[in-house]
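Visitor: Keeping their order, the protein sequence lines are chains A and B.
Residue 1 is where the first sequence starts when you use this note's numbering, and the numbers rise one by one after that.
Residue 305 is where the second sequence starts when you use this note's numbering, and the numbers rise one by one after that.
In short, the hints are calculated from the structure, not lab data.
Note that the coordinates shown come from a computational prediction; the quantities given were computed from them, not determined experimentally.
Glycine included, every Cβ here is placed at the ideal spot set by N, Cα and C.
Do not take every clue at face value.
Partial list, computed: chain A residues near chain B (C-beta under 8 Å) [stated by the list, open to error]:
1. A49
2. G168
3. D173
4. L183
5. V185
6. F198
7. L204
8. N215
9. S216
10. A258
11. I296
Computed footprint of chain B on chain A; a stretch qualifies when at least three of its residues, placed anywhere within it, have a C-beta under 8 Å from a C-beta of chain B [said to hold, decoys possible]:
12. 143-154
13. 222-229
Number of protein chains: 2
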Amino acid sequence: MTLSNTKPRIGFVGVGVMGKPMALNLVKADYAVTVFDINPAPVAELVQADARAARSPAEAARDADVFITMVVNDAQFLATLFEPGNAAAALPAGATVIGMSTMSRATVIETADRLHALGLHFVDAPVSGGEVGAQSGTLSIMVGASDEVFAHVEPALRTMGQRVYHVGKNAGDGQAVKMINQLLVCVHNAVAAEALVFADKLGLDVQQVFDIVTNSAGNSWILGNRGPRMLSRSFTPPKSALHILIKDLGFVMDAADALGHPLPLGSAAHQLYKMAGAMGMKNLDDSILIALQERISSSRDALI
Amino acid sequence: MTLSNTKPRIGFVGVGVMGKPMALNLVKADYAVTVFDINPAPVAELVQADARAARSPAEAARDADVFITMVVNDAQFLATLFEPGNAAAALPAGATVIGMSTMSRATVIETADRLHALGLHFVDAPVSGGEVGAQSGTLSIMVGASDEVFAHVEPALRTMGQRVYHVGKNAGDGQAVKMINQLLVCVHNAVAAEALVFADKLGLDVQQVFDIVTNSAGNSWILGNRGPRMLSRSFTPPKSALHILIKDLGFVMDAADALGHPLPLGSAAHQLYKMAGAMGMKNLDDSILIALQERISSSRDALI
């Protein structure tokens, strides 16, 4: 499993809201990038910018030194690598797969083992920073990889992310750090909604309360970011869809459950996210939790 | 209940960690301040700075246009005002009482009614910003009072606080805003501990995780402030004792319960704060919640 010293050729699968600008930043930094997506529109855009288009994940993998996935979920990730005509079998020996979606830690650990058995390297590298960070190349990237493999992919990662953290030597370590961040994000978002709705119930001027608490010890990054969307009821189109946090918090709870580890607030928040999902809010902005809090605390709704 | 136009004479009861520097800032701004505390040491210090000492709350009240309380809890507040030889009976007609401790909204509303019946004004004005804010005169002060009474006391409040928010016309409105802030503070503190202990359980470098999440969407003011104390295990002497947040979150839950209003995360956090209290952590720094999370998730403790 020797690693090439020349600038790696990159295969990139999943060029949606996040992946397209990430791939574009690689192209702009003079990487040879071959892209695949089930949606042809962003592929065509990237070809205009000098990327090559592949007709399958396997074709994107064939000549790649580094193969990046930025797909929606675990199932797409596994299909991209392991389904018939798949990428893993097409990759040259010694190539490196970088999984950059937020995924289940268990899936990532199992995939790393399968790829190692095929003579391939794996880098666990989920990101934080959203569409804006992807476009500006200022993502935070949390990387689990051996020192050697990390050194190999670090220049490409720095093209996409301003803060590249080498958080551990093992697959799953990147996802683990991302889980800690998402646990905080999910609880902060839910308690922001809980606090603003309680302020309204107490008869306060909620906008003024928001101004006060964001200038006080009660502030959080999420309160400052999602609070204005909650107050202006800007839920669609979603800037960050609720289903993403439902999925992410599910991964957190699964990982804790697998360890027999209690997460009292994560668990309570998880119930709220599932309520919002069950009530049909999945494709709205995740600031919609304020509407959940209103519904579960207001007598203004009809009784049935 | 006419209000004096001249610079008010001030009575000040409760010159502890918070009250002493607040009273000192009033003295420095040339207010005539008469102070009382059950502890003679800070009173003697303030006398050195040109305050007058009173031998009882009633004596501090006798000539006061404005009577400020910064005592520990509801019971001390009620005793200061209403017990035999009390301040309320000694205050001149038309004087204004300012309650600046964090107290139960119900106590504050009931006290305002009792004072009004005696021909006195009441201002509900809890603060945020801690000992540092009290010393530097940069407290946030959340004020419930009529426009006329607010205008009367605003100059004195601005001597103690940089941000003076007139949040409502009624007694209880200041405490209500403070409750919203404390709900956020308490949940953020508990989930910070939960997240850092889970990071450790996942085998991560907890200091690095702290650095990453405080630079990411998972950050909160409390995480940045209490996180370092959690990691360095700086629990004593307390910078902010746990019993204060146990009390504050109790007020939040009481107020919600009185309205039949659900607070799912506040309630889950409340259980954790009570666990920490019940386990003997009350007089330690409130960052001690990390030790609670460790104890309730670690098999390293003895089995009984």
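Visitor: Each hint needs a verdict: does it hold in this structure or not?
Guide: Hint check:
no.: 1; hint: A49; in the structure: 29 Å, violated
no.: 2; hint: G168; in the structure: 7 Å, holds
no.: 3; hint: D173; in the structure: 7 Å, holds
no.: 4; hint: L183; in the structure: 5 Å, holds
no.: 5; hint: V185; in the structure: 5 Å, holds
no.: 6; hint: F198; in the structure: 6 Å, holds
no.: 7; hint: L204; in the structure: 6 Å, holds
no.: 8; hint: N215; in the structure: 7 Å, holds
no.: 9; hint: S216; in the structure: 5 Å, holds
no.: 10; hint: A258; in the structure: 11 Å, violated
no.: 11; hint: I296; in the structure: 6 Å, holds
no.: 12; hint: 143-154; in the structure: violated (count 0)
no.: 13; hint: 222-229; in the structure: holds (count 3)
Violation of the numbered hints given earlier is confined to hints 1, 10 and 12; the remaining hints are satisfied by the structure.
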